[in-house]
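Protein chains: 2
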Amino acid sequence: MAELYGGVETGGTWCVCALGHGPGAILAETQFATAKPEPTLAQMLEFFRAHPRPAAIGIGSFGPVDLDPASPTWGYVTATPKPGWRHVSVGQVLGDALGVPIAFDTDVAAAALGEKRWGAGRGAESLCYLTVGTGIGTGLLSRGRPWHGLVHPEGGHMRLPHDRERDPFGGSCPLHGDCWEGLASGGAMAARWGVRPEALELGHPGWALEADYLALGILNLTLVASPERVIVGGGVLGHPALLGMVRERLPGLLGGYLGAPELRSEIDRYLVPPQLGDRAGVLGAIALAQAL
Amino acid sequence: MAELYGGVETGGTWCVCALGHGPGAILAETQFATAKPEPTLAQMLEFFRAHPRPAAIGIGSFGPVDLDPASPTWGYVTATPKPGWRHVSVGQVLGDALGVPIAFDTDVAAAALGEKRWGAGRGAESLCYLTVGTGIGTGLLSRGRPWHGLVHPEGGHMRLPHDRERDPFGGSCPLHGDCWEGLASGGAMAARWGVRPEALELGHPGWALEADYLALGILNLTLVASPERVIVGGGVLGHPALLGMVRERLPGLLGGYLGAPELRSEIDRYLVPPQLGDRAGVLGAIALAQAL
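These protein sequence lines map, in sequence, to chains A and B. In case it helps, my numbering puts the first sequence at residues 114 to 405. In case it helps, my numbering puts the second sequence at residues 114 to 405.
Same shape as in the complex, but just chain A:
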């Protein structure tokens, strides 16, 4: 029997803990609301203490986080706008309390790794995992591994063209106003239209606007990082036609500049939905632990 690994996804709303080997081989799993740090971390510890000790635990966390192994605050959530979670240790607390090695990364890097290993990212050495939900997050793999540089990718906060005549909404990001997340996240849609995205009727013009913003942001991701594939997930993509609308727009924005067929006729091989669904994060966290 292969060794057991633990996975933790700490999302802005929910936390998931799991123990196992991968999809179809999860021995135990639990999910609970992300509350204040202390009770949330206590629930994680309770889960792992109630089960056999894994060889390692991977954590995919909402960001921004400190990923520098040489930093005294490695494994911390840093300057998050999430109340109570600024400068909170997650990785070190779990590692110290449980006595197991910890792999710590962003939730989107974990999801990218999970999709590469078991899902829609198989065969791609460079990969972007984009999630459009409450916020917008981007994870990058380079040469098959999560990309870290100075900090980590936070493409959701890039700036895009914003035509204020067509869209007078000022943006919902508390830090940047009309950054990508401020214009196109589920939170932005809810603030602009007064209803949550899942309640916005399918033919509402807000969806064409959303497709335009998603295509612009994915255009910039494509031009800056040139991943082999972009996996587009998150709650906003629950609209059944939205991914197709984005696929229609992207080649026109590129204007024929890059010759790859994946950016033209074969765009449905470039912009793909996740295959692990909302389990990409926790499965990716297990993959992080396995790659330690």
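Bear in mind the hints are in silico, worked out from the structure with no lab data behind them. A couple of the hints might just be wrong.
[To be verified] Partner residues aside, some chain A positions facing chain B, computed with beta carbon under 7 Å:
no.	residue
1	255
2	266
3	272
4	288
5	337
6	340
7	352
8	355
[Stated by the list, open to error] Covered stretches of chain A, going by a simulated chain B footprint (3 or more residues, C-beta under 8 Å):
no.	segment
9	222-231
10	256-263
11	370-380
The structure displayed is predicted, hence computed values, not measured ones. Glycine is no exception: its CB is placed at the ideal position from the N, C-alpha and C atoms.
Put chain B on the given structure of chain A with help from the hints.
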């Protein structure tokens, strides 16, 4: 004596060929205007045939280029707007004619590698080389090596906020209009103001606009790719205060979101000028050959 390496930089305006080992150890060098492909390639061959055969030749080319070693058009310039150069073989022609191994990459990836090896990029494993000249080009290193994904980085063509009241100029990019290159390259400045950037007086308001566009583009590069350092070169940076103006603007655009000191008080360690100057490309091409 260490083995000899060849370096070729094929720029939009000039080509440089060199033979040697690195800065301070160049045995022969030549520079000529980039004409039509046939006579230009003939001049490259003439240079290398007149000298001892190198162990390998690195080529840093203007883009877009085909970098896929499995592609029949590896080593080609592809969909460039440069007249006569669309779908032209460079790497294969040189390799076949000279019988030496060829390392082929973009000019900006070569420059990034050269600066990492001998210049302003030393010590950084991930690095962005940004050049703002006739056009805008971006090269990325990941884990010390040029990043290739689906194609290669072409960050100069990303879209940015464009306030048409402040800047009614429609943009100079023949493919995308007001992309970053269309708004902020030297070509865009010349088209907007009617004089070449080096002739625009230092106090002209066009420089504040330029600094705003450069800071916005570097913000997006930082958020998408999170490099450890951005090396900012190219003719437009000849303005003695421009880099400082960009450094002033970037932390404000980030809004305190990412905690790294390099993005705040130590921004002069994050946004840095090249140390190899206009020799980054050809020296980087030699570094490409040495890394083959």
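- Message: Which constraints among the numbered hints does this structure fail? Numbers only, ascending.
- Response: As far as the earlier hints go, 7, 8 and 9 are violated by this structure, in ascending order.
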